[in-house]
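Model the full structure from these sequences, guided by the hints.
As you go down the protein sequences, you meet chains A and B in turn. In terms of this note's numbering, the first sequence is residues 445 to 848. In terms of this note's numbering, the second sequence is residues 176 to 425.
By construction, these hints were calculated from the structure, which means they are not laboratory data. Worth double-checking, as some hints may not be accurate.
[Claimed, not checked] Under 8 Å between C-beta atoms, here's a sample of chain A residues computed to sit facing chain B:
id: 1; residue: S573
id: 2; residue: V579
id: 3; residue: A706
id: 4; residue: F784
id: 5; residue: V789
Quick caveat: nothing in here was measured; it's all calculated off a predicted structure. Cβ atoms here follow ideal geometry from the backbone N, Cα and C, with glycine treated the same way.
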Amino acid sequence: MRTEQDIRNTREHETLFYALTMLGGLVTVAGLAAALYMEHAGHVVTGMNNQVVWGLPHVFAIFLIVAASGVLNVASIGSVFGKVMYKARAPLSGMLALAMLAAGLAIIMLDLGRADRLIVAMTHFNPTSVFGWNVILYPGFFAIVGIYLWTLMDRQMNPYYKAAGFAAFIWRLLLTTGTGSIFGFLVARQAYNSAVLAPMFIILSFAWGLAVFMVVQWIMFSWNEVSLNPAIRTRMKNLLGTFIAAAFYFVMIYHLTNLYFAKQAAFEHFILVSGGIFPILFWGGYVILGTLIPLILIYHPGLSQQKGSICLAAELVLIGAICLLYVFIIGGQVFPLDMFPGMIVSSSFYDGLIDSYIPSTPEILLGLGGFGIAFTAITVGVRVFKFMPEDDVTALDSTGHMLD
Amino acid sequence: MNQPEDKSRRSFIGAAAVGVAGLGTIALAPGLHLVEVSQANPTSAPSQGASSKVRWGMLIDTTKCATGCDVCVKACATENGINETLKDARQGSQWIRKIDLKDPKADHMHSLPMMCQHCAEPPCVDVCPTGASFKRADGIVLVDRHTCIGCRYCMMACPYKARSFVHQPLTEQNPEVPRGLGCVESCTFCVHRVDKGMKPACVESCPEGALTFGDLNDKNSEIAQRIARESSTQVRADLKLNLGVRYQGI
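Shown next as structure tokens:
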């Protein structure tokens, strides 16, 4: 029998759920209104210009897209690599991936100079453009992950879940390769044009995606007043630690290869030492907050056992992710193009000068609106469907899958 | 045991379904429709005049180009209807600009006009997702105003910062040079003049005759003969983009 307390708790949950959905909806509406304003007035109302052509909306969008492909990894570990413990997490992983990709794409689309020409983007295809590939990669991701979710959640389709999971895994690798290659093939600017960017984005996606998953999982378990099995918690935190370290390795490789080329030294000095906000965000935001502190929280014998420490580590990873992307995308653009090496350059178009970029309210709202879309979709998703990971600890223990 | 929760879940799904159905009846944003009839004919030929036998190019003698002189920049603005003023000049369009160079060791100054270099292998064309950035058969690199979606990927890809994004609504345009809010644009080599047998406005306006325009493929043309005879440079030659614009004196 349900006690009065239970019923009261259910009602409180109900109210909180509607409040959260409303909040997500309001942020989404504010983002859409900002996009409408930008569409009407032009990008003159943003902080972007002819040097810094991609701004804060792109930072948020690329974060969501990279994390979306990464969060699917949780499902892949179960379906592709046969780790039974992760299989219980596959539906939630797939849903998060779809919600975040939709949110990231919405920001990119609404930031276009001609967002009304979406149909043109879908009907005109340039095979040499990495953006063009993405016109195939993104809808393909929705379709494949959609089918994968279907195989996971419908008993009749369940026999096909491995094949669908494998296809989704391959597709997500292609998708993140595409995202990294958007920058990797840019010969013009010193921050980009590097073959390491595609694998770096894949590794970053592993860390960011798992961090998102662990935050959502922590909230869902707290909401339902359930605690995560300590063995599972340990496995997931160790995996997150491995991904954080691997991502850090790739970021270091990216900067070290740049430093190796004398012509890139000035750019690296700017990003890592003299560039004002950018070194602060890189060292303070990404390296310390987003990498070192999470690693300490994860591996310190005492701290790692504290309640909420792993969730905090995951949240810090996400803050570090935004910092890293801001440095990479904005910092990479404010640095002047090196058209005449060794010469002092000046012009009416600000050649040779470090540009400045201050995001305006509409573009901040547009970026946050994307998060609003993801938040609302996830909140409603976990309410409508049964995405809560249910661990059969006894079965996992008896079959030896807890430790495999 | 879970009946109250199931009931509330069902009622939520029901309410959500009604809401979604309602939302589906309105547009996502003004002008943003799932189905739209294209007004432009994407299959129409860019121009009957473009021939692959021709490669339009420009040779710029920087020794004749005076620091502080911006006659070519003004001529370009007049010809192409670039007349808007923006609060933040970094958001304004500059199809051609003057760059001043100083060699810190030699204490020697150069001044030169910089514009779209009309590459034979243009990175902007490679990266454009819709194919709006394209190269005509005669080597002129252009943006199709009807298919540019304003993603600015071409601006990220251009090594010469030659492209501008139209940040605010435009008025008083030159009918022969269509421009548009939310689209990317750059020097067209005054294609509307070239197709009539005329030279670009910047070339015609230069009081020092520092700019020479012509067909790089025509061995008898002045530009081809001078490039064969005199030394010239391509900016960022390391990228091997085979530029249509060559410089002398730098």
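The hints, checked one at a time:
Hint status for S573 of chain A relative to chain B: holds, with the closest Cβ pair at about 5 Å, below 8 Å. For the restraint placing V579 of chain A at the interface with chain B, the shortest Cβ-Cβ distance is roughly 6 Å, inside the 8 Å limit, so the hint holds. Against a cut-off of 8 Å between C-beta atoms, the interface hint on A706 of chain A is violated, since the closest Cβ of chain B lies about 14 Å away. Evaluation of the F784 of chain A hint against chain B yields a held restraint, the C-beta minimum of about 6 Å falling below 8 Å.
Annotation: V789 of chain A was flagged as interfacial toward chain B, and the flag holds, the nearest CB pair being 6 Å apart, inside 8 Å.
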